[in-house]
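Enquirer: From first to last, the protein sequence lines stand for chains A and B.
Just so you know, we're using my numbering here: the first sequence kicks off at 69 and counts up by one.
Just so you know, we're using my numbering here: the second sequence kicks off at 422 and counts up by one.
Read the hints as simulated data drawn from the structure, not as lab findings.
All residues carry an ideal CB built from backbone N, CA and C; glycine is no exception.
Check before you lean on any hint, since a few could be wrong.
Stated by the list, open to error - Quick list of the computed label-pair ranges, beta carbon to beta carbon:
| # | chain 1 | residue 1 | chain 2 | residue 2 | range |
| --- | --- | --- | --- | --- | --- |
| 1 | A | Glu165 | B | Asn603 | 35 to 41 Å |
| 2 | A | Glu165 | B | Ala589 | 33 to 39 Å |
| 3 | B | Ala589 | A | Asn80 | 46 to 52 Å |
| 4 | B | Val505 | A | Asn80 | 53 to 59 Å |
Said to hold, decoys possible - Below, a list of computed lysine-lysine pairs in the BS3-like style, where the Cα atoms sit at most 27 Å apart:
| # | chain 1 | residue 1 | chain 2 | residue 2 |
| --- | --- | --- | --- | --- |
| 5 | A | Lys415 | B | Lys489 |
| 6 | A | Lys417 | B | Lys514 |
| 7 | B | Lys579 | A | Lys157 |
| 8 | A | Lys415 | A | Lys383 |
Unchecked claim - Covered, in the sense of this in silico footprint (three residues per stretch, anywhere, with C-beta under 8 Å from a C-beta of chain A), are these stretches of chain B:
| # | stretch |
| --- | --- |
| 9 | 513-522 |
| 10 | 530-536 |
| 11 | 577-587 |
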Amino acid sequence: MATPAPETPPGNMATFNILHGFPEAIVRGMRSSFLLDADYHHLTQCETLDDVKLNLTESDYSESVSDMATLTPTSLQAAAVNKLVTEFKYLRTQTIEPLSTFLDFITYEYMIENVMLLLKGTLSGRDINELIAQCHPLGMFKESTMRSIPTFESNAKGYADLYQTVLVDTPVGPYFSMFLQESHDRVGGEVRNVLEEVEIEIIKSSLIKYWLEDFGNFVSSLGGESATMMGELLAVRADTNAINITLNSFGTPLNEPAMRQSDRKRLYPALGYLYPAGTSMLIDVADEDGLGRCLELFPQYSSIWNVHLVGGGDKSIDDAFYERDVQMLELAFEGQMHFGVFYAYIKLKEQEIRNLVWITECILQQQKEEINKFVPVFSQHAPWRSKKR
Amino acid sequence: MSDSLMCSTEFCNAGWSEVLTHMSPYGYANFGIAFGLGLSVVGAAWGIWLTGSSLVGAAIKAPRIRSKNLISVIFCEATAIYGVIMAIILANKVKKPDLQGDGLPENWDWHGYYYAGYGMFSAGLSVGLTNIASGVSVGIAGSSCAIGDAQDPSLFVKVLIVEIFASALGIFGIIVGIIQSNACNFPIQALEN
């Protein structure tokens, strides 16, 4: 599965611009397209969705919303995602190795999501066209490939057939083959039908785990500033995954003592600050108290865990994770001449799209008191910024 | 062992000191000119592609930065001009001797002869090596200047001051180079004794 190390390293301050100066400058120019505090203020003051559309015509989204007759949260999300995809594809065509492999790695995550969406969708018997329309544009395969995915059975043999015939040519093939190898070793060649629903989640977590590890290896082979920056970002990503897997497994069959050792352990990625000591502790965690005790040992996660403990409707642990992510991704823009800006731009744009959808949903459902629960990007009022004054 | 110290032909050198002194001062001087010009141009070119690639990319979303940030390119170009100035000064000092017959006469100004050669070589190296450093640093600062200016116009003048300090390094080189090469004069005729 190992993606080979790049032949030409990204280079240091004096040589980075030879191959990657132009795309990096494009991404940094696109930083100015993020919505400002004033824009968010105007949007939250809107009464109807037409006001929202009017306000968005003054921002960078003007072209995206101009050909919409009426704005709805789903249409706004689709338009914003298409804008991001257009920018990403433009960037991708301007890049050269190893930056192009780096950008491809970012798309593999969406490919995994699309494959799982198609597999899960057929379990609940949804129409294939509707599913394809819901797939993320950055992770699309060929039309024929996507249409053939739901035709396979959702058992071990079906997955093996799916891999052999369809997925082996796609970039996510190696991850699927490793998953099949691991499940074959685990089960010993038998077919298990017990956990069909949970099985899909396990497949997705496993694929994401393999993708993270592959990405982490590639990034550390880049060396230099890129390895430092992206290594940090991927490490916290892996830790977020580990904590979420543990948290979501409470109350499901995955949390039984027998399953924890064999199944849940295999879902923790082999990178991050929690690896290896933290994840070996997480294997034995049975409930939230145990998880809290485990996270106390890691200062950067104990504050996030406290947010979850305080609970209530104000902030969930996901919000705390988003805030922490936005803070780190903004820091990726601070240094020049590394690859972290590309990853940070995509993730921050996604956060902005989430914010826009949240605001429009609140306006649509007339829930004005909830409207300020989003995490603005590059905000002057961010908690980590105001401390200076 | 002793054979290697004995010269077997009439043109061999008896040791390293003879290797260095047997190299013609005209060779030293002209290599100095070549290094001075060549290394300055390498530094300038390095700086120009460092800053130019960022300038072109950042100008896509912020076209207003195009004209102002050409100053960074001009600063890089200045280091190449220092190299050209030094090369022209040195090249005018290299003079063909006005002699008849073979070889140099006994009352040749040997001191001035060798001084000129070494002086011009080191002047060329002074200018060339400082201009590489100056060109690279102006280039990196210029790249950050273009990207920062695209986001916040007030940053332009501040980063420009960094670039000015960086290009001062090249000026140091050419000042010292001119001082070094001032006293260098190749003798044209034998000394009048």
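Enquirer: Next step is simple, just say for each hint if it's right about the structure.
Expert: Quick rundown of the hints versus the structure:
no.: 1; hint: Glu165/A to Asn603/B: 35 to 41 Å; in the structure: 51 Å, violated
no.: 2; hint: Glu165/A to Ala589/B: 33 to 39 Å; in the structure: 38 Å, holds
no.: 3; hint: Ala589/B to Asn80/A: 46 to 52 Å; in the structure: 24 Å, violated
no.: 4; hint: Val505/B to Asn80/A: 53 to 59 Å; in the structure: 29 Å, violated
no.: 5; hint: Lys415/A to Lys489/B; in the structure: 32 Å, violated
no.: 6; hint: Lys417/A to Lys514/B; in the structure: 63 Å, violated
no.: 7; hint: Lys579/B to Lys157/A; in the structure: 34 Å, violated
no.: 8; hint: Lys415/A to Lys383/A; in the structure: 21 Å, holds
no.: 9; hint: 513-522; in the structure: violated (count 0)
no.: 10; hint: 530-536; in the structure: violated (count 0)
no.: 11; hint: 577-587; in the structure: violated (count 0)
Hint violations for this structure: numbers 1, 3, 4, 5, 6, 7, 9, 10 and 11, all remaining hints satisfied.
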